[in-house]
Every structure is written in structure tokens, then in C-alpha cells.
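Chains A and B, in that order, are what the protein sequence lines are.
In this text, residue positions in the first sequence follow this note's numbering: the first is 1, and each later residue adds one.
In this text, residue positions in the second sequence follow this note's numbering: the first is 1, and each later residue adds one.
Because the hints were derived from the structure by calculation, they are not lab data.
The reader is advised that the hints may include incorrect statements.
Said to hold, decoys possible - On the chain A side, residues computed to face chain B include the following (Cβ under 10 Å):
no. : residue
1   : Gly58
2   : Ile75
3   : Ala76
4   : Arg77
5   : Arg147
What the hints assert, rightly or not - Between beta-carbon pairs, the in silico distance windows are:
no. : chain 1 : residue 1 : chain 2 : residue 2 : range
6   : B       : Leu189    : A       : Arg152    : 25 to 33 Å
7   : B       : Leu216    : A       : Arg70     : 37 to 45 Å
8   : B       : Pro165    : A       : Thr94     : 56 to 64 Å
9   : B       : Leu322    : A       : Ala91     : 42 to 50 Å
10  : B       : Leu125    : A       : Arg55     : 38 to 46 Å
Said to hold, decoys possible - Only part of the chain B face toward chain A is listed, based on derived beta-carbon distances under 8 Å:
no. : residue
11  : Ile47
12  : Leu175
13  : Leu209
14  : Gly210
15  : Ser220
16  : Arg222
17  : Leu223
As the structure is a computational prediction, the values presented were derived from the model and not from experiment.
Positions of the beta carbon are idealized from the N, C-alpha and C atoms, including for glycine.
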Amino acid sequence: MTALLELQSVEARYGPVQALHGVSLAVEEGSIAAVLGANGAGKTTTLRAISNTVRRTGDVLFAGSPLGRRGPEAIARLGIAHVPEGRGTFAELTVWENLRLGAYTRPGSLGADAERVLSYFPWLEDRRHQQAGTLSGGEQQMLALARAFVQRPRLLLLDEPSLGLAPVLVTEIFRIIRELNQREGLTVLVVEQNAHIALQLAHTAHVLEVGRVALSGSSAELRRHEAVRRSYLGY
Amino acid sequence: MATVQTRDQPGPGRDLLAVLAPLLRPVSLLLIAAAVFLIVGSLTSEIFAQQTVAGLAQGAVFGSLALALVLIYRATEVINFAQGEMAMATTYVAYQLIQWGLGYWEAFFATLAFAFVFGTLVQLLLIRPVQHRSTIAVVIVTVGLFVLIDGVVGWIWGADIKFMPSPFGQQVYHLGGVAISRQDIGTFLVTILSVIALWLLFQFTKLGLGMRAAALRPASARLVGVRVDRMLALGWGLAAVLGAVAGLMTEPSQFVLQPTLMQPVLIYAFAAAVLGGLESPAGAMVGGLALGVFLNLVGQYVHFVTAELRLPFAFFVLLVVLLIKPSGLFGRPRVRKV
Chain A
1 MTALLELQSV EARYGPVQAL HGVSLAVEEG SIAAVLGANG AGKTTTLRAI SNTVRRTGDV
61 LFAGSPLGRR GPEAIARLGI AHVPEGRGTF AELTVWENLR LGAYTRPGSL GADAERVLSY
121 FPWLEDRRHQ QAGTLSGGEQ QMLALARAFV QRPRLLLLDE PSLGLAPVLV TEIFRIIREL
181 NQREGLTVLV VEQNAHIALQ LAHTAHVLEV GRVALSGSSA ELRRHEAVRR SYLGY
Chain B
1 MATVQTRDQP GPGRDLLAVL APLLRPVSLL LIAAAVFLIV GSLTSEIFAQ QTVAGLAQGA
61 VFGSLALALV LIYRATEVIN FAQGEMAMAT TYVAYQLIQW GLGYWEAFFA TLAFAFVFGT
121 LVQLLLIRPV QHRSTIAVVI VTVGLFVLID GVVGWIWGAD IKFMPSPFGQ QVYHLGGVAI
181 SRQDIGTFLV TILSVIALWL LFQFTKLGLG MRAAALRPAS ARLVGVRVDR MLALGWGLAA
241 VLGAVAGLMT EPSQFVLQPT LMQPVLIYAF AAAVLGGLES PAGAMVGGLA LGVFLNLVGQ
301 YVHFVTAELR LPFAFFVLLV VLLIKPSGLF GRPRVRKV
């Protein structure tokens with residue numbers, strides 16, 4: 001296995017506030033990796049450093065070559081789909097228009113992608129003309145996943161997919177993420193506060209503390225780890 | 001598979017309600033009432049009908065310039081004070097092309113192409129460098145552009161009045177007792193067709209979808225690969241095209257071309273855009289048409305509102321809307337993003 005994504009001592013700052021103090025981590029192709037940590041540990045910023053939506057230094061390598069100073073548009077076109085905080089829903093547009101935006105960078109329209117996406121999210125069919133902003137939180141999260149899936153990415157970046165959702169929906173969404181990974185071979189980097197469910201889903205995990213990677217390992221290892229158990233799993 | 005419950009199961013009763021619901025909103029009721037009033041009025045009085053038709057033609061022009069303002073407001077969050085002057089400058093370009101021997105419609109389409117490039121360049125060269133500073137900086141640049149265009153047009157073509165042929169001629173048709181000029185019909189059709197073409201572009205093409213996404217949610221648009229900066233420049237180009245249509249359609253109604261051509265029209269367009277709701281393209285068109293008809297009817301039936309008071313009256317409309325319903329007919333009160 002080779003690393004699809006590699007961060008090498010990445011630093012990032014918002015104005016005078018430094019959010020990342022040299023984050024290094026790697027995500028294997030075809031795997032699911034989780035980034036855990038408390039509020040303000042730099043989880044979201046790590047994703048933003050990858051899609052270059054925050055000022056960063058240090059190297060981000062995608063499939064072996066540095067992303068350098070490419071803008072977010074160019075990075076999306078390389079095959080990295082970033083579902084940001086707030087899910088990136090185009091609330092004013094219809095459900096179907098949101099999906100069409102996923103296919104924006106490709107010639108032609110949705111085409112066969114529509115069928116594939118509907119096999120995962122059949123309910124989208126009945127809602128295609130509904131304004132996306134009127135969907136419930138869970139539905140918007142699924143729409144965001146669907147849109148990202150239509151992008152046909154090699155790497156999917158997910159920012160807190162469980163945020164604000166009822167437990168039953170969280171389970172449902174994580175099941176779909178696992179399915180996308182297993183059936184489509186999609187590599188996923190997911191940021192989560194809910195360490196329990198993230199460690200069930202992910203193959204590997206990285207624990208961030210104040211802008212640094214404090215711990216890295218397989219999910220099984222981290223589940224057994226004394227400090228992780230006490231701080232993030234709560235037993 | 002996903003087991004999300006869909007809450008509103010469509011049933012026959014609900015379907016009918018869903019279809020009727022948008023018609024029952026206060027704005028729709030108001031518009032339906034206005035339409036009924038205009039139709040009944042037109043059927044009972046020939047003068048009323050004549051004024052209504054003329055008002056629709058003028059209103060379509062107000063609406064198209066208002067739409068240009070709205071397009072830019074949605075994408076850049078500023079009012080482009082130079083929109084009218086850009087339209088005026090492009091009308092001079094059409095005049096020049098006709099002087100050089102082009103037919104009217106060849107000059108018309110060449111001018112639209114010129115306007116597109118012109119609008120795009122304005123965004124790239126003047127707006128983009130200051131866009132990330134502050135809203136007020138952009139506004140000041142548009143005010144500066146107003147003055148600049150005025151100066152350059154005066155320098156090239158002089159301040160004296162030019163004459164340009166009307167593409168529609170001076171014929172008048174009689175429908176029953178109602179006299180309708182070919183001029184009004186042509187103006188209305190050309191303007192409405194351009195607006196429809198633009199609507200089709202925004203609604204049904206990938207480019208249009210990208211432009212809407214870029215204007216509504218630039219950060220999210222970037223993450224799906226939309227080149228937002230390019231889209232904003234194209235948006236300014238399209239707004240300038242709409243402005244050019246407005247300019248070209250204003251000129252024949254004034255019979256003359258001079259640097260002040262679009263200044264009153266810009267005021268009407270402001271009023272129309274505010275009336276419709278600054279964020280709403282449909283609102284801009286409806287606002288323009290409503291204002292055009294309203295001003296004509298008021299001019300006909302309210303005797304103290306003479307031609308000199310038309311412009312102040314448009315201002316009055318603007319003020320009333322801002323006082324009573326600042327978000328306009330179609331706008332929604334907006335929660336400020338922090």
C-alpha cells in the first residue's frame with residue numbers, strides 16, 4: 001500500500017493565531033483514516049490545509065506530488081472532494097442542482113452518476129426539485145456525501161459528518177461511508193469529535209492536540225490506548 | 001439502503017395545496033390584483049390601455065437595467081453605480097458602428113459582444129484588485145468609473161447630441177381604439193427576449209449553474225471545482241450585455257443620443273430593483289414593469305405629476321419601499337453572515 005495523501009510538518013494560521021504547529025500524517029490509498037481531537041485541536045484546519053482554504057506552509061503530497069500553491073478549485077479538479085463544516089450545501093439551489101455541481105468539472109451532465117448515486121440515496125429522486133436548504137440536517141449531510149461522490153474523487157475529506165445529527169442518522173451515514181469505501185475503493189479522511197464511532201469506522205486514526213499529532217495508529221491500537229480511552233472514549 | 005423517512009407523503013389533496021400555496025402568498029395576491037386591475041382598466045378605457053402598453057415597454061427597459069444591477073449585487077454584493085454609464089458607452093459604440101456603415105441589427109449584436117468584453121474587463125482590471133478590501137472600496141471604484149466613462153465618451157464623441165435611427169420605425173398599430181406603436185412592441189420584445197435568454201443560460205446550462213453557485217456560495221463552489229473568479233468576471237460581462245440592451249432600447253425612445261442618456265434610467269432601475277428586492281432577478285423584472293406602468297398611469301391620471309415629477313416620483317416609490325418593506329416584493333429579509 002502507498003500513501004495517497006501525505007502531510008509533512010504542515011503549519012497553518014488564521015491571522016495571528018497559529019492553528020497547526022507542524023502536522024504530519026499519511027493516508028493509505030483505499031483506507032479510511034480518522035482525525036480525532038477536542039474542540040480547537042486543529043481538526044478542521046487540517047482538512048482546510050489540504051484543500052488550501054487556509055493559509056498554510058509545509059508540504060501536502062497527493063499521489064506523490066506536492067499540491068503546492070494550487071487553489072481550492074484546482075485541488076478539487078485533481079480529485080479531492082472536501083465536504084466542509086456546514087456541509088457546503090448550496091441551500092438556495094435545488095437538490096438536483098447540488099448534485100449537478102458535483103459533476104461540474106466533468107464534460108457532460110450527471111448521466112450514469114445519477115443512477116449510481118441514487119443506488120446509495122434513493123430518496124433523492126423524490127426530492128430532486130426541493131430547495132436544498134429545506135432539507136433536514138441528516139438529509140443535507142447525505143446530500144453532501146452524494147455531491148462529493150458525484151465528484152468521483154480519489155480522496156474524500158469529511159468534516160464532522162455526525163455534527164448535530166440524531167444517533168440513528170449518524171449510524172446510517174457512517175454505514176454509507178463504509179460502503180463507499182468498500183465498494184468504490186474511495187479513500188476517506190474523516191474528522192470527528194465522536195471518537196467512538198470514528199474508531200469503529202476508520203482503519204487508522206490520528207489524535208490531534210493543540211495543532212500537533214499526539215498519537216497515530218490503527219483504530220484497534222488506539223481503542224486500547226489508555227490515554228485515548230480516558231480522554232476521548234470516556235471509560 | 002437509506003431508510004430516511006420522507007415526511008410529506010404526497011397525496012392528491014396535498015398536491016393541490018402545494019400548487020396553490022405559492023399563489024396564496026401576499027406578494028402573489030398583490031400581483032394578481034394588479035394584473036386584474038390593469039386588464040379591467042384596459043378593457044374599459046382606451047387611454048388606460050395605451051398607457052399600460054407604453055408603460056410595459058418602458059418598464060421592461062427599467063427591468064433589464066435593474067436585472068443587471070441585481071446580477072452584480074448578488075455576485076459582488078455592491079451596487080454598480082456605473083451600470084448606466086457603461087450602458088450609455090456601449091450605445092455610443094453602436095452609434096459609431098452604424099456610422100461606419102453597419103446595419104442596425106449587425107451593430108446591435110456587435111455591441112452586445114463588445115459590452116460583454118467591456119464588462120468582463122471592468123471586473124478583472126478595476127473591481128477584482130479592490131474586491132477583497134471592503135464593500136465601500138468597490139462602491140467608490142464604481143462611482144469613479146461613472147465619472148471616467150462620462151469623461152471618455154465626451155472626449156471621443158463630444159457632448160453634442162447625436163442622432164441614431166430607430167430600428168422599429170414610427171408605425172402605429174390600432175387594436176380596436178387602442179394605438180400601439182411598433183416602437184413599444186419592439187422595445188418590449190427585444191428586452192424580454194434578452195432576459196429570457198439570460199434566464200435560460202442561468203437555469204439550464206452548466207456554466208449558468210456554476211455562475212449561480214459562485215455568486216451564492218463562493219467557498220463551497222470552489223470546493224466542487226468552480227472557478228469562482230472567472231465566474232464573477234463573466235457575471236459582470238453578462239450584466240453589461242443587459243445594460244447594453246437597455247441602452248440601445250432607451251435611445252430610440254429619446255430620439256437622441258447624449259452622454260446623459262442613461263442617468264434617469266439608472267434611477268428608475270434602482271427603484272425597480274429595490275421594489276423587487278435587490279437579491280431577486282425575477283423581482284427586478286417585475287419591479288421594472290410595475291414601475292413603468294405605474295409611472296405612466298400616474299402621469300396620465302394624477303394631474304400634478306407632470307413629466308418633470310416623474311423622476312422624483314420614482315424616488316418616492318423607492319423611499320416608500322425602503323420604509324415599508326426593505327427586502328422588496330421578492331426578497332427575503334436576510335440574516336447577516338458573520
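Evaluated hints:
no.	hint	in the structure
1	Gly58	violated (21 Å)
2	Ile75	holds (9 Å)
3	Ala76	holds (4 Å)
4	Arg77	holds (5 Å)
5	Arg147	holds (7 Å)
6	Leu189/B <-> Arg152/A: 25 to 33 Å	violated (44 Å)
7	Leu216/B <-> Arg70/A: 37 to 45 Å	violated (24 Å)
8	Pro165/B <-> Thr94/A: 56 to 64 Å	violated (45 Å)
9	Leu322/B <-> Ala91/A: 42 to 50 Å	violated (26 Å)
10	Leu125/B <-> Arg55/A: 38 to 46 Å	violated (26 Å)
11	Ile47	violated (43 Å)
12	Leu175	violated (39 Å)
13	Leu209	holds (6 Å)
14	Gly210	holds (6 Å)
15	Ser220	holds (4 Å)
16	Arg222	holds (4 Å)
17	Leu223	holds (5 Å)
Hints 1, 6, 7, 8, 9, 10, 11 and 12 from the list above are not met by this structure, while the remaining hints are.
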